[in-house]
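Trainee: Residue numbers (numbering that gives the first Met the number 0), protein chains in the order written: chain A, 0 to 149; chain B, 0 to 805.
Hints should not be assumed to be uniformly reliable.
[As the list claims (entries may be wrong)] Distance ranges between label pairs, derived from CB positions:
| # | chain 1 | residue 1 | chain 2 | residue 2 | range |
| --- | --- | --- | --- | --- | --- |
| 1 | B | Leu71 | A | Thr63 | 45 to 51 Å |
| 2 | B | Pro85 | A | His125 | 42 to 48 Å |
| 3 | B | Lys227 | A | Thr63 | 31 to 37 Å |
| 4 | A | His125 | B | Gly44 | 32 to 38 Å |
| 5 | A | Pro30 | B | Asp554 | 34 to 40 Å |
| 6 | A | His125 | B | Asn64 | 29 to 35 Å |
| 7 | B | Lys312 | A | Pro30 | 48 to 54 Å |
| 8 | A | Ala17 | B | Leu71 | 40 to 46 Å |
| 9 | B | Tyr123 | A | Pro30 | 24 to 30 Å |
| 10 | A | His125 | B | Thr667 | 36 to 42 Å |
| 11 | B | Gly186 | A | His125 | 33 to 39 Å |
Everything labelled a hint here was simulated from the structure, so no lab data went into it.
Ideal Cβ positions, reconstructed from N, Cα and C, are used throughout, including at glycine.
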Amino acid sequence: MDLKDEIVINAPQAVVYAALNDAEILKDCIPGCEELIKHSDTELEAKVVLKVGPVKARFNGTVTLSPDNPPERFSLTGEGNGGAAGFAKGGAQVELAEHPEGTLLRYDAHADIGGKLAQLGSRLIHGTAKKLAAKFFKNFANRVGANEAA
Amino acid sequence: MNDLTPDRDERVANLKGLGCSRKRVEDARFTQGKGNYIDDISLPGMLHGDFVRSPYAHARVKSINTDAAMALDGVIAVLTAKDLEPLSLHWMPTLAGDKQMVLADGKVLFQGQEVAFVVARDRYIAADAVDLVEVEYEELPVLVDPFEALKSEVVLREDLDGQTEGAHGPRKHHNHIFTWEVGDEAGTNAVIDDADVVAEETMYYHRTHPCPLEPCGCLASMDKVNGKLTLYGTFQAPHVVRTVASLLSGIEEHNIRVVSPDIGGGFGNKVGVYPGYVCSIVASIVTGVPVKWVEDRMENLMTTAFARDYWMKGRISATREGKITGLHCHVTADHGAFDACADPTKFPAGFMNICTGSYDIPIAYLGVDGVYTNKAPGGVSYRCSFRVTEAVYFIERMIEVLAIELNMDAAELRRINFIRKEQFPYQSALGWEYDSGDYHTAWDKALAAVDYEGLRKEQAERVEAFKRGETRTLMGIGLSFFTEIVGAGPVKNCDILGMGMFDSCEIRIHPTGSAIARLGTISQGQGHATTFAQILASEIGIPADSITIEEGDTDTAPYGLGTYGSRSTPVAGAATAMAGRKIRAKAQMIAAYLLEVHDDDVEFDVDRFVVKGAPERFKTMGEIAYAAYNQAIPGVEPGLEAVSYYDPPNMTYPFGAYVCVMDIDVDTGVTDIRRFYALDDCGTRINPMVIEGQIHGGLTEALAVAMGQEIAYDDMGNVKTGTLMDFFLPTAWEVPNYETDHTVTPSPHHPIGAKGVGESPHVGGVPCFSNAVQDAFRPFGLRHTNMPHDHWRIWKTANGLGLHDT
Numbered sequence: 000m001d002l003k004d005e006i007v008i009n010a011p012q013a014v015v016y017a018a019l020n021d022a023e024i025l026k027d028c029i030p031g032c033e034e035l036i037k038h039s040d041t042e043l044e045a046k047v048v049l050k051v052g053p054v055k056a057r058f059n060g061t062v063t064l065s066p067d068n069p070p071e072r073f074s075l076t077g078e079g080n081g082g083a084a085g086f087a088k089g090g091a092q093v094e095l096a097e098h099p100e101g102t103l104l105r106y107d108a109h110a111d112i113g114g115k116l117a118q119l120g121s122r123l124i125h126g127t128a129k130k131l132a133a134k135f136f137k138n139f140a141n142r143v144g145a146n147e148a149a
Numbered sequence: 000m001n002d003l004t005p006d007r008d009e010r011v012a013n014l015k016g017l018g019c020s021r022k023r024v025e026d027a028r029f030t031q032g033k034g035n036y037i038d039d040i041s042l043p044g045m046l047h048g049d050f051v052r053s054p055y056a057h058a059r060v061k062s063i064n065t066d067a068a069m070a071l072d073g074v075i076a077v078l079t080a081k082d083l084e085p086l087s088l089h090w091m092p093t094l095a096g097d098k099q100m101v102l103a104d105g106k107v108l109f110q111g112q113e114v115a116f117v118v119a120r121d122r123y124i125a126a127d128a129v130d131l132v133e134v135e136y137e138e139l140p141v142l143v144d145p146f147e148a149l150k151s152e153v154v155l156r157e158d159l160d161g162q163t164e165g166a167h168g169p170r171k172h173h174n175h176i177f178t179w180e181v182g183d184e185a186g187t188n189a190v191i192d193d194a195d196v197v198a199e200e201t202m203y204y205h206r207t208h209p210c211p212l213e214p215c216g217c218l219a220s221m222d223k224v225n226g227k228l229t230l231y232g233t234f235q236a237p238h239v240v241r242t243v244a245s246l247l248s249g250i251e252e253h254n255i256r257v258v259s260p261d262i263g264g265g266f267g268n269k270v271g272v273y274p275g276y277v278c279s280i281v282a283s284i285v286t287g288v289p290v291k292w293v294e295d296r297m298e299n300l301m302t303t304a305f306a307r308d309y310w311m312k313g314r315i316s317a318t319r320e321g322k323i324t325g326l327h328c329h330v331t332a333d334h335g336a337f338d339a340c341a342d343p344t345k346f347p348a349g350f351m352n353i354c355t356g357s358y359d360i361p362i363a364y365l366g367v368d369g370v371y372t373n374k375a376p377g378g379v380s381y382r383c384s385f386r387v388t389e390a391v392y393f394i395e396r397m398i399e400v401l402a403i404e405l406n407m408d409a410a411e412l413r414r415i416n417f418i419r420k421e422q423f424p425y426q427s428a429l430g431w432e433y434d435s436g437d438y439h440t441a442w443d444k445a446l447a448a449v450d451y452e453g454l455r456k457e458q459a460e461r462v463e464a465f466k467r468g469e470t471r472t473l474m475g476i477g478l479s480f481f482t483e484i485v486g487a488g489p490v491k492n493c494d495i496l497g498m499g500m501f502d503s504c505e506i507r508i509h510p511t512g513s514a515i516a517r518l519g520t521i522s523q524g525q526g527h528a529t530t531f532a533q534i535l536a537s538e539i540g541i542p543a544d545s546i547t548i549e550e551g552d553t554d555t556a557p558y559g560l561g562t563y564g565s566r567s568t569p570v571a572g573a574a575t576a577m578a579g580r581k582i583r584a585k586a587q588m589i590a591a592y593l594l595e596v597h598d599d600d601v602e603f604d605v606d607r608f609v610v611k612g613a614p615e616r617f618k619t620m621g622e623i624a625y626a627a628y629n630q631a632i633p634g635v636e637p638g639l640e641a642v643s644y645y646d647p648p649n650m651t652y653p654f655g656a657y658v659c660v661m662d663i664d665v666d667t668g669v670t671d672i673r674r675f676y677a678l679d680d681c682g683t684r685i686n687p688m689v690i691e692g693q694i695h696g697g698l699t700e701a702l703a704v705a706m707g708q709e710i711a712y713d714d715m716g717n718v719k720t721g722t723l724m725d726f727f728l729p730t731a732w733e734v735p736n737y738e739t740d741h742t743v744t745p746s747p748h749h750p751i752g753a754k755g756v757g758e759s760p761h762v763g764g765v766p767c768f769s770n771a772v773q774d775a776f777r778p779f780g781l782r783h784t785n786m787p788h789d790h791w792r793i794w795k796t797a798n799g800l801g802l803h804d805t
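Isolated chain A (complex conformation) (with noise of 0.2 Å):
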């Protein structure tokens, strides 16, 4: 499953590449998440619920994130575990670039999704991950923009 966007994010770059590696940040910008421990500037821990149509699972996960060009381009790897629901695999490619309103943020990621949430999901998989996405960009857009502002 592919996912790909952009949005624009109304603070500067560096601002926002900083808030990418904030897990506190994060943490309140990821739907669902519950739990979101810094093991290292890289490794991070999470708990997050997802819901995808019939299936309600807590995910426990961890997340690599890869610094690569600051504060132009990130990447992370992440793997997530549901238990009877299945599991999750990925990672994302994040470009940041100026932009007349702040920072344009375009993200091209990969996920693979096995065990129960694939079979019955498997209609819904894509349009839920979209929306959740969807949902942590714009949380992450209102808090880092609204940070900006004050």
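For this one, chain A is given, so just place chain B on it according to the hints.
Mentor: This is chain B only, laid out in the frame that chain A set:
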């Protein structure tokens, strides 16, 4: 005698015997919600089981933590392979000579594989507890393509690693199961290489699933006081289950009672032995109370026996005039993670060697390679006798491709190659002896019924109109002529796990002239209680309405191999007739005594024995039955009972001719089946209405398979069609009107000449629907495209042929 005395015709009609469209006696309870299915059975103190299943298609199981699940109130036990190992029940033998994990032993090999079995006070607690079992997996590379599997270094079955010999001969690779060969390969190749015309095609018969409306389930009850195990379940072969359960558990067979209650459809899905049965039995033995396990729809689709998954590569040769000279077929068979195919032991690819079809093909070869992949095990004959759907689809597609190669009409090509009436009994190049047939008569009747010439003319006009841009709808004429091979089978070459495939019937006539007959088969909707009583009515002269048919309880029914592969009428139906004849022979002696004549001086007449030449002197079967119990007859034991175990001398070979007329919207891929004509010849017809119902059902399942039903996997081994949202089950909305017709060519070796019909419409229907789709695109250069022909795939076919170019 007076005017009210029934005449002979009335007496025949009163029996409701052979040929009578008697209403199904089962339907009163089914239509009023009074059926008794596995989930209707409830025993005091019963516990419920549910499985923890693998989300991975291939992974090592690093650890299983059951603490949280066990802590849940109402959870009684969580079984893992470690618990079953001391009983040697963590693996079980399959019907195909392989073995299968009951619960994951170190690794999992397909998505949905059974990992742990939770036993709880109720079904809901069990399901909650399943979510609390923590299993740590380490992912392994997944192989879902059999061709990749045969090249891969990844060893799927580590338990077999290094074993170069399998249940069916040498293994060529660690993911290879067997090679099965029939016929003369060198000779066939020589004929094909030298032939005027050769057609080649590779086709994939996709994986699908029988999907009975009722999933599989069982209820095991171990009575520790009496040492008796009672096992209720959705079993198509209850006696086989009893024997296997005894061999596996060590419980003596007389202490095991297996009961198949009403079964909501089987279609082959309920032949195999599943881990749920073993776990329920063990759980009942451990807890001392009954344990029920009933799978849900997803579990049924994902993990119980699939069907097909055959990659078939064919070469067929002919003279320029269209006379077929040779046929070569190679199959790469995807058997999934364990070889659990339900086939007679000596036939690892079932009766695939019926792939020469209805044609007089002088030389042929079939080779089948079975392969392990990370898919669910099983491999059953979904509404067909063992792999006959694959064989018939293969030959009926090869004929169409050859017709294209010859630039010939496919109906004519069939006609000139049919086995002729006078060639029966016919020895096929791949080893079968076809019992009887009259293919030309059936074919001519079918083509005349649909006005075949007229249809071809209309189709040609449609193509011209399409080319002129006046329509966007094409018309396909699907043809198929099939020969089934059913009634497995003769014990000399057919057995399952060493058990010969005979079947049985035991009859008791009651003193007042009614009767009960018990059989070794079990109806799953076929209407045995209706039709077997009709066979008996005609044999023993007791009205069908006065005969109870009972099946499925191993404590009372005679031993038999069960119901699948259209074997019930050919085998148990024959046993019924033969047992009836034993009854009649004894009745003749009693009648002669009562009439004070010699045995040879009375003859059977519908419902009585009459004195030859003096029909006014007679004894009815009712009078004879009463005398059998209540009158001392010198030299004759009291009672009127008989049992017959019937080992058929040969299979039976039903056949049929089908035509489908389909309109296809080129721009949407939407199909409209305008007409479907089905002529079936199943030999002697026992109940025409039941036959009609069987044909409607079989055609509908054929429509499903041809037009959309599949078990699809992604690269990670996820089942993508695990719910009825994605798995196509036709409803009244999709099902066309069917026209049925028949010819009657009795089987010469069956006591009443019946051949079996339940699966014929499926076997003949799938290629007929598929050929209709393919035929619509033939004028635009299509040779072959794989099923299922859902709208999207048809659209892609049209697109690939450039039909969307403006």
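Trainee: It remains to establish, for every hint, whether it holds in the given structure.
Mentor: Each hint tested on the structure:
1. At roughly 34 Å, the beta carbons of Leu71(B) and Thr63(A) sit outside the given window of 45 to 51 Å.
2. Between Pro85(B) and His125(A) the beta carbon distance is about 47 Å. The supplied range of 42 to 48 Å therefore holds.
3. Distance hint check for Lys227(B) and Thr63(A): the Cβ-Cβ separation is about 59 Å, which falls outside the suggested range of 31 to 37 Å.
4. A hinted range of 32 to 38 Å for the beta carbons of His125(A) and Gly44(B) is inconsistent with their spacing of about 47 Å.
5. The hinted window of 34 to 40 Å between Pro30(A) and Asp554(B) is violated, with their beta carbons roughly 59 Å apart.
6. Remark: the range hint 29 to 35 Å for His125(A) to Asn64(B) is upheld by a beta-carbon distance near 33 Å.
7. In this structure the supplied range 48 to 54 Å holds for Lys312(B) paired with Pro30(A), their Cβ-Cβ distance being about 50 Å.
8. For the hinted restraint 40 to 46 Å between Ala17(A) and Leu71(B), the CB-CB distance of approximately 45 Å keeps it satisfied.
9. The given range of 24 to 30 Å is respected by Tyr123(B) and Pro30(A), whose C-beta atoms sit roughly 29 Å from each other.
10. At about 23 Å, the CB distance of His125(A) to Thr667(B) disagrees with the hint of 36 to 42 Å.
11. At about 54 Å, the beta-carbon gap between Gly186(B) and His125(A) misses the expected band of 33 to 39 Å.
The earlier numbered hints that this structure contradicts are 1, 3, 4, 5, 10 and 11.
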